[in-house]
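Number of protein chains: 2
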Amino acid sequence: MLAAQRYNKILQILKQRHSITVTELSKILKASEATVRRDINVLHTKGVLIKIYGGAMSPESYLTTEEKVQIRETVNIKQKMIIAAQAVKLIKASDVVYIDAGTTTSLLIEQLQEKNATYVTNDASHAVKLMDLGFETIIIGGNMKSVTYAAVGALAVANVQRYNFTIGFFGTNGISLTAGFTTPTTEEAMIKEAAIRHCKKAYVLADSSKFGKITPVNFAVLNMASIITDKKPDDSYEKYNIILPD
Amino acid sequence: MLAAQRYNKILQILKQRHSITVTELSKILKASEATVRRDINVLHTKGVLIKIYGGAMSPESYLTTEEKVQIRETVNIKQKMIIAAQAVKLIKASDVVYIDAGTTTSLLIEQLQEKNATYVTNDASHAVKLMDLGFETIIIGGNMKSVTYAAVGALAVANVQRYNFTIGFFGTNGISLTAGFTTPTTEEAMIKEAAIRHCKKAYVLADSSKFGKITPVNFAVLNMASIITDKKPDDSYEKYNIILPD
DNA sequence: GAGCAATAAATCAAAGTCAATCAAAATAAA
DNA sequence: TTTATTTTGATTGACTTTGATTTATTGCTC
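Residue numbers (the numbering used here), protein chains in the order written: chain X, 4 to 249; chain L, 4 to 249.
Worth flagging that the hints you see were computed from the coordinates, not collected in a lab.
Cβ atoms here follow ideal geometry from the backbone N, Cα and C, with glycine treated the same way.
There's no promise every hint is true.
[Unchecked claim] Incomplete in silico selection of chain X near chain L, CB under 7 Å: (1) Gln8; (2) Gln19; (3) Ala130; (4) Val131; (5) Ile141; (6) Ile142; (7) Ile143; (8) Ala154; (9) Ala157; (10) Pro187.
[Stated by the list, open to error] Keeping only pairs whose Cα atoms sit at most 25 Å apart, straight-line, the calculated PhoX-like set for lysine-lysine is: (11) L/Lys81 x X/Lys18; (12) L/Lys118 x X/Lys18; (13) L/Lys204 x L/Lys216; (14) X/Lys49 x L/Lys235; (15) X/Lys54 x X/Lys118; (16) L/Lys18 x L/Lys92; (17) X/Lys49 x X/Lys92; (18) L/Lys12 x L/Lys216; (19) L/Lys18 x X/Lys18; (20) L/Lys33 x L/Lys49; (21) L/Lys12 x L/Lys49; (22) X/Lys49 x X/Lys33; (23) X/Lys204 x X/Lys95; (24) L/Lys81 x L/Lys235; (25) X/Lys49 x L/Lys54; (26) X/Lys30 x X/Lys49; (27) X/Lys12 x L/Lys81; (28) X/Lys81 x X/Lys234; (29) L/Lys12 x X/Lys33; (30) X/Lys95 x X/Lys49; (31) L/Lys12 x L/Lys81; (32) X/Lys203 x X/Lys95; (33) X/Lys235 x X/Lys92; (34) X/Lys12 x L/Lys18; (35) X/Lys216 x X/Lys235; (36) X/Lys49 x X/Lys81; (37) L/Lys18 x L/Lys30; (38) X/Lys12 x L/Lys54; (39) L/Lys54 x X/Lys33; (40) L/Lys203 x L/Lys242.
Produce the entire structure from the sequences given, and follow the hints as far as they go.
Okay, structure coming up:
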């Protein structure tokens, strides 16, 4: 690929999404991270993008409050990466994979390997990422929620029920023996519940801090999904299927 | 093959795709790489293309330092901006607005003002933009198409039919008295057709270059939508509703 | 603020690309 | 036809780009 072609592709991506990491670009452009860094340096010097630690941003969105967070969400990023790395190993060729909205699952997308699978998501920013990486993508439609870019509501629920997923990955805000998996809002819970019911095998990705937490709305009981986490939780969860990193 | 023939062929190729490698050209022109390099040098000196390491680019798509402000240097961008500016004025409070996929409509989103309207789109990158700008957003789900980030296919068509839009904005690849509004692919045409049928009022945004052009698949007859364009087309279009910038 | 992991820059070898040269082929002129 | 001129393709060594490796820096956690 010509250098100039890479330049154009990078700028094109930054029109669609305000920021991108070096690692992601390296995958999309099929070039080494060293080359991507050199490209970013060139484009930064030309002033057509802003170089930031870990990646690049479009000049327009640079420094507009919350976008700065987008490049690297800080909380528990390490654990989430490890959890996501474990999760991607479970995806096999010809799987129909449901990917829930949220930051944890976003990290999963960045690490996806299996090209011969179909990926379905209700998160518009996930969808754009998946397309950029060249995966077969289906987006679930519906009313969008502001913070998460996720489609929710009755239509989203109806749509998700049309599919049968062979495997699904979900985020959660709380895991509790009494309350099961929970989220802060009814809307999110409804779409998650609908999706999880249509997965042959469901996995909840949760860093260890989520155990014992309860948020207002339940979306599944604990035995409906295996839990992929970074640290063994206390023994009371023993009877559930817990997956730890190798 | 005559040198002048090769020159023409090279320039013709660069009109279709922004860049090409020396190796590729050598195969296409059945000439040695040395010859291709000489050709590129000649054309570069004439200023009709830009020589880059490994190949050549069309001058438009090559970003020089001066152009740093003008990243948005796609074709007819100025007209498209003006057209989009005219279009946004038509949106009123409590409208349910359908926004078609594509670059023209992307410019429209950037200029949106009316916060008390609901925006519906089948383009994931549009959806992300709309959310970022704080608009009430609904995304149409379905299989995604790689270049445009647009949901297409049967499910997208079914979904779009659930809505009734008070106003809709569409892009097109061709406007013709005989063929009506046309696009290059059936998939795109189907979703456009379904959406346009559910708009109380539909507008096609098209710069003047689109008049008289025909691409393979029709998605609407001319009287189904008003056309917002930058220059008055020839009189044969007089009986249709043409909107020009103020 | 020290220690740690992640990211960036510097360095280097390998691969790829370029311009110069020259002989062969094609074209033009005699 | 013969000779002069131009164009082409192959070869060479110089130069550029790339990816891997090493070294330095950054930002985060405690």
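Structure-based check of each hint:
1. Gln8: At 5 Å from the nearest chain L Cβ, X/Gln8 passes the 7 Å test, so the hint holds.
2. Gln19: 4 Å, holds
3. Ala130: 4 Å, holds
4. Val131: Cβ of X/Val131 sits 5 Å from chain L, so the hint holds.
5. Ile141: With a closest approach of 5 Å, the X/Ile141 hint holds.
6. Ile142: This hint holds: X/Ile142 lies near chain L, its Cβ roughly 5 Å from the closest one there, short of 7 Å.
7. Ile143: OK, holds: X/Ile143 within 7 Å of chain L, min 5 Å.
8. Ala154: At 5 Å from the nearest chain L Cβ, X/Ala154 passes the 7 Å test, so the hint holds.
9. Ala157: 10 Å, violated
10. Pro187: 18 Å, violated
11. L/Lys81 x X/Lys18: Answer holds: L/Lys81 to X/Lys18 is near 17 Å, not above 25 Å.
12. L/Lys118 x X/Lys18: 23 Å, holds
13. L/Lys204 x L/Lys216: Holds: L/Lys204 and L/Lys216 sit about 24 Å apart, inside 25 Å.
14. X/Lys49 x L/Lys235: Violated: X/Lys49 and L/Lys235 sit about 38 Å apart, past 25 Å.
15. X/Lys54 x X/Lys118: The hint is violated at about 30 Å.
16. L/Lys18 x L/Lys92: Violated, because 34 Å separates the two Cα atoms, which is more than 25 Å.
17. X/Lys49 x X/Lys92: 40 Å, violated
18. L/Lys12 x L/Lys216: Holds. L/Lys12 to L/Lys216 sits at ~23 Å (cutoff 25 Å).
19. L/Lys18 x X/Lys18: 22 Å, holds
20. L/Lys33 x L/Lys49: 23 Å, holds
21. L/Lys12 x L/Lys49: 16 Å, holds
22. X/Lys49 x X/Lys33: Distance ~23 Å between X/Lys49 and X/Lys33 Cα, so the pair holds.
23. X/Lys204 x X/Lys95: 12 Å, holds
24. L/Lys81 x L/Lys235: Holds, because 16 Å separates the two Cα atoms, which is no more than 25 Å.
25. X/Lys49 x L/Lys54: 18 Å, holds
26. X/Lys30 x X/Lys49: 23 Å, holds
27. X/Lys12 x L/Lys81: 22 Å, holds
28. X/Lys81 x X/Lys234: Holds. X/Lys81 to X/Lys234 sits at ~12 Å (cutoff 25 Å).
29. L/Lys12 x X/Lys33: Distance ~29 Å between L/Lys12 and X/Lys33 Cα, so the pair is violated.
30. X/Lys95 x X/Lys49: Violated, at about 42 Å.
31. L/Lys12 x L/Lys81: 29 Å, violated
32. X/Lys203 x X/Lys95: 13 Å, holds
33. X/Lys235 x X/Lys92: Given pair X/Lys235, X/Lys92 holds - Cα atoms ~19 Å apart, limit 25 Å.
34. X/Lys12 x L/Lys18: 18 Å, holds
35. X/Lys216 x X/Lys235: Answer holds: X/Lys216 to X/Lys235 is near 16 Å, not above 25 Å.
36. X/Lys49 x X/Lys81: 33 Å, violated
37. L/Lys18 x L/Lys30: Roughly 18 Å separates the two Cα atoms, so the pair holds.
38. X/Lys12 x L/Lys54: Judged against 25 Å, a Cα distance of about 18 Å means the pair holds.
39. L/Lys54 x X/Lys33: 23 Å, holds
40. L/Lys203 x L/Lys242: 20 Å, holds
In this structure, the earlier hints numbered 9, 10, 14, 15, 16, 17, 29, 30, 31 and 36 are contradicted, and the remaining ones agree with it.
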